[in-house]
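**Student:** If you follow the hints, you should be able to join the two separate chains into one complex; please do so.
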Amino acid sequence: MNGFQIVVLWSDVLVWLLLASGIGVGVLIARSPPLLAAWRRVGASRAGMASATVLLAFLGIGLLDSLHYRVALDGKPGEKTQYAIEVLSLLDALVGPLRTENEKTYSAPFATHLYAKETIERPGQGTLREFPRLRFGGSHLAEPAAAPADIAATAAGAAALAVLGWLALVVLVANRRENPGDPTVDRQNWPKIGWSRLWRGETVFAWNAVLLTLLLILLTLLPLFALAGDYHVFGTDKVGQDVLYQILKSVRTALIIGLVTTLVMLPVAVLLGIVAGYFRGWVDDLIQYLYTVLNSIPGVLLIAAAVLMMQVVIDTHPQWFATAAERADLRLLALCFILGITSWTGLCRLLRGETLKLRELEYIQAAQAFGVSSWRIILRHILPNLMHIVIIALVMDFSGLVLAEAVLSYVGIGVDPTMTSFGTMINNARMELGREPVVWWSLAAAFAAMFILVLAANLFADAVRDAFDPRAA
Amino acid sequence: MLAYIVRRLLYAIPILIGVNLITFALFFIVNTPDDMARMQLGIKRVTPEAIEKWKEARGYDKPLFVNSAAGGLSTVTETIFFEKSVRMFAGDFGRAEDGRDIAREIGTRMGPSLAIALPTFILGLFVTVSLALTLAFFRATAFDFWGVVICVAAMSISGLFYIIGGQYLIAKVWKLVPISGFGEGLDAWRFLILPVCIGVVAGIGSSTRWYRTIFLEEVSKDYVRTARAKGLPETLVFFRHILRNALIPILTGVVVVIPTLFMGSLLTESFFGIPGLGSYTIDAIQAQDFAVVRSMVFIGSVLYIVGLILTDISYTLVDPRIRFS
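If you read the sequences in order, they're chains E and Z. Counting with the working numbering, you get residues 1 to 473 for the letters of the first sequence. Counting with the working numbering, you get residues 1 to 325 for the letters of the second sequence.
Only chain Z is shown next, with the shape it has when bound in the complex (with noise of 0.2 angstroms):
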């Protein structure tokens, strides 16, 4: 067990350092550094000695791969390569315009972001695998043609839709719950029960149709025949054998989800002013704060290939056909 998670954390190294050349060449070599301070001074202010500091203040005056000036081991450290991307596997993220540290500003708002992406998925995992299991019990029924109708529908709606809707009718004419904001500690529930409520219904159309599609897979097999031929009775064939059994493709894009709950969601943050990761990478696309939007680049990157590692090692859990090799 140990070897084979040691072997997938040793694959994950050539993906990320992939990733990590992918947005070098993305940021650094599209683009010189010199398109990057025209465009954060304006139009304006251009003149060579403004984009010579800009440069010179973050850092991007060095060249791109070899300092051939600074001599030693330095020619390959005091480079634009090495300072701004290689150290991002130490967790050095450099600083944003605003010339706070980004790996700090990154911890401070992972809890409010956890806050809300938590709660949203396990709520919403629940829901919608509950809804799929009933309207798989009662397949080719009217009850399960309309819901999947229902299902269909939900899913042509736009997320938009549901997040503006939702705060406009609960927050502002009915008054239920604050419209946007976050508290510390318990006074906090108060600003994420309707971020959370919206994030489940938001995803209910789209999950539901597809567990039930797993459902259905599971129930047309034989173990489920034979299960019923001993005379089972339906419900506990549905509780201990087909969800039980549906959990191992469920599995596969569960998993992978959950490192990746810590980026928080864009849209949820922003329209409720919560101050997590979403919310912190929109203002940084707005801002133009590319610093910022390079390492959620690649925290993002990493947390994906955490949850595939995770994803391999639950499956090797759950399913016993499965072996480590």
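So that you can see chain E by itself, here it is in the shape it has in the complex (with noise of 0.2 angstroms):
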């Protein structure tokens, strides 16, 4: 086992950091009554759980793509150690042949030969033109004929063992006291939820919803890396990197572009716009001047402009990095920073004219009255009742950004071109319909991943805006 060296990149630090807020909010939301009571609500939303399930998953993945190292190289004993130049993560750790097992080429979904032929010679037979059996897509395999054959009985034993783990959860949560958080019913009588209870939905959770979505994921997430130690389930690319592994790894990017660039804008935006709403006066005028300004500029050329500019700061400056990851880590950043400039106004407008209709409400003239300072009104009695529209934002501008950041890398202003996304999926794949005959694994695959993020992105947050929103109720 070789020795390895943590690495750092500032993406991470922002992914954990924004991980404990999310827990830090979780246990204020804990005391608040109010917020527990929405979240409650969106607790009991069928649709909003098994969203939430399915971005928990997704969640997941690229929290363990946030754990980077490098490997340190073998030297000779006594020398200084070198560490490789490619900075690795746990997820590839823990899918490792999926990242080294590289064809030449193309190759279909669970192909055992190369998309393209090639002259083969052959003792006694002369040269001969025939596809060739793939380096690593089913090569245990004698005779590719078996294939299929094979395929069903790793995919169906990978079935059984996850349905017999989700029958194991199963037991656990029909096991389990149903906690509707009340304190006057006696501890020792809470109900079991039992499975009929379950199995009708008659839970205040939702969790039938939750647990089928486990059963899917499972039945899906299960026989598709059983399969994948042998096959490419989504086939190879053009270089003959496994599709699957670019979309893992373009799950942490759809994320980071999704969270912290939200991130990035909240305080910005909470601030200016309770600022504007409250003071009023020439600090509102020149607020509303400062983001209708920003707004004029249209989002996508603003961008342009501001990521050529910032490409021009890398490219002049390359002794910033010790390695490519770390470069295109911070085109990463500074792309969500951009997004974030562009995409604050909206919120910063909701939250003044928000704060303006507050100021005059009779609590808000009492704690004025009695003489309570402007900052502790803002942050006692304005910041609280604002919350709701903050959260609605938040998980409504996450789908938004996620598909944005897909058209982006499209026109050549997204991502760093080495950073596996969505984005420079497509575009890499962008000419593969025009072959003959037809590459579509590439394109299908990042499409219908990033549609089902983006799907249960829009899910949860019709759940959560149902919930939090005092005019839907």
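Keep in mind that the hints are not guaranteed to be accurate.
[To be verified] Residues on chain Z that point at chain E, a partial pick, calculated with CB under 10 angstroms:
{"id": "1", "residue": "W54"}
{"id": "2", "residue": "V152"}
{"id": "3", "residue": "F271"}
[Said to hold, decoys possible] Pairs of lysine-lysine residues, derived as DSS-like cross-links and limited to a Cα-Cα distance of at most 27 angstroms, are as follows:
{"id": "4", "chain 1": "E", "residue 1": "K104", "chain 2": "E", "residue 2": "K117"}
{"id": "5", "chain 1": "E", "residue 1": "K357", "chain 2": "Z", "residue 2": "K221"}
{"id": "6", "chain 1": "Z", "residue 1": "K221", "chain 2": "E", "residue 2": "K117"}
To be clear, the hints were calculated from the coordinates, so they are not data collected in a lab. Please read all numbers here as calculations on a predicted model, not as lab measurements. For each residue, glycine too, the CB sits at the ideal point set by N, CA and C.
**Tutor:** What follows is the structure, given as structure tokens:
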């Protein structure tokens, strides 16, 4: 076992910081009865909980991919240890063969032969033009014709395992005691959830939706990974890299774009929005002017201009980055920052309008009459009453940002071309539908994964909005 | 009315100045012209002479704000800020990397952009408003439920998928229309029909859902109950009362878009090879033609501000409750 050096990328820091603040906000919510009640409503929504389960699965992949390290190279003892230039993550270590088992070029999903014919020398038969066997896909089989049976057997085994694991989970949940969070109920007599209530969906928390989604996820993922060791489940791309591996790596990029961007713009939007609405006068004029100006520049063009300029900065300072991963990482963060600058105006305007309404309410007037300082009023009375708008904006923006990343990377102003993302996958595959025979698997896999992520995010956002928006109730 | 429009126009001036300053800061202060020259010339050909020549050819060799060497009025005019930023207000955008005049290029490319964007906009608005009205009419039924489900699914699909998939299926597999290109005159419809249809379909999901919420908000208002109480048939309530009142919030999002239609769509134009402003911008981004990107940012902002003014004016025309004040 070689030694390794832990690499902390800036985006990793932000991801873990985000997770920590998420947990912190969770604790705060548990203390605030109205917010807790709203989250309970989200918990009761079936669509909301099913989509939350899917999102958590994506989040798990993204977190695994956010622990980076560099492997030490073999060197003579006594010399200073050198580390590989390639930055790996925990996810790379877990899916090992997916990353390293590269073919020569395209191969279809579950294929045992390459997509293109090659000239092969056969002893005794001269040269032939035929489809060569893949180096790794199905290479454990002596006879390629046995592949369908082998695939079916492996998939069935993994599916059976998935169902067994799922049943164990269901038993756990069914034996749980229903927790209504109601202190008046006698602790001893909390009813068990039980099979029938679970089945009929009579639980307070939408357990049946969560369990059903989990079954689907397990039934997809377990066979997928069981097969991924021997086959290229989603095929390989032009340089022979496994498409499933690229999809897994893209998840982190999408999550960072969707979450870090909002994190960047949130403090600015909240602060400026409240200040403009509360103090009015010239502060309000100035802030309104600022966001009108930023808003009037078309988003894509502002992003294009900023990314072009940032690229110039990065290219003229190569000494800042030890590895290519660090350079790509900085570009990703800069993109988040730029997207944040272009997207805070909407939330800021909403918060300003709401603050204007709130500051005329009696309890705030009373606080002012008591001589409570402005900042204290903002912190204690206005901010908590704007939380629902902030939470709704946070979840609503996520899906839009994930979709925007694909378009921006396609245009060439998105993430670094060396960084795997849904956008770069689509961009690299843009000409493949024009080939004969058609290479469809890269595009299909990228679009499908993106669709599942965005759909889950949209459904979750709807559930959150329904639960938090006082108008919807 | 006239005084109102003039006041709105005057209000636009500081915003335009702000936009101009931001683009100037982004293109000339964050990066010096030297950096841009290095980027354009590539690593190999970078010599101090080459950089000087590159800057001189584009007029980037002058001082940023104050040219004390020139003397007189030229102290201010012989600078990068004046020549590259202030002259944009007069419609002078300078030259692109290939030496062509940007203003003229924009003039000739506006036509093809509009030929795609205008039909997409009108058809899209008609289709989505009708769909949303239908969903709102059948509200709280299975039809409405599945309609919303389909809308959410449709808005979760990447815009790139609609373009790539549509182009592959209709133009390549079924060979109904040419894959890409653009023709002059009446012949152009064969090239236009596919991008327009794809543009309309891609917008259905989010717009229909948005308009449906607006209609549903109107449905629960008092005047609708009054209309029903008078005994008006439901169709009349919908078309004469709800539709007309819901048009006011719809107007906010729609009018502001109209001037920006001139800018064209980046993705559609680059996929279908349409020589409009969208593909011009994309080519400039990919070739790192800073002058063109800068001009497009400025024009886009001008058009957006025109859209805002039009929105305000259209409000006062449609909604008698709003006065010219």
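**Student:** Does each hint fit the structure? Answer for all of them.
**Tutor:** We went through each hint and held it up to the structure:
| no. | hint | verdict |
| --- | --- | --- |
| 1 | W54 | violated (14 angstroms) |
| 2 | V152 | holds (6 angstroms) |
| 3 | F271 | holds (9 angstroms) |
| 4 | K104/E / K117/E | holds (12 angstroms) |
| 5 | K357/E / K221/Z | holds (22 angstroms) |
| 6 | K221/Z / K117/E | violated (68 angstroms) |
In summary, the numbered hints that this structure violates are 1 and 6.
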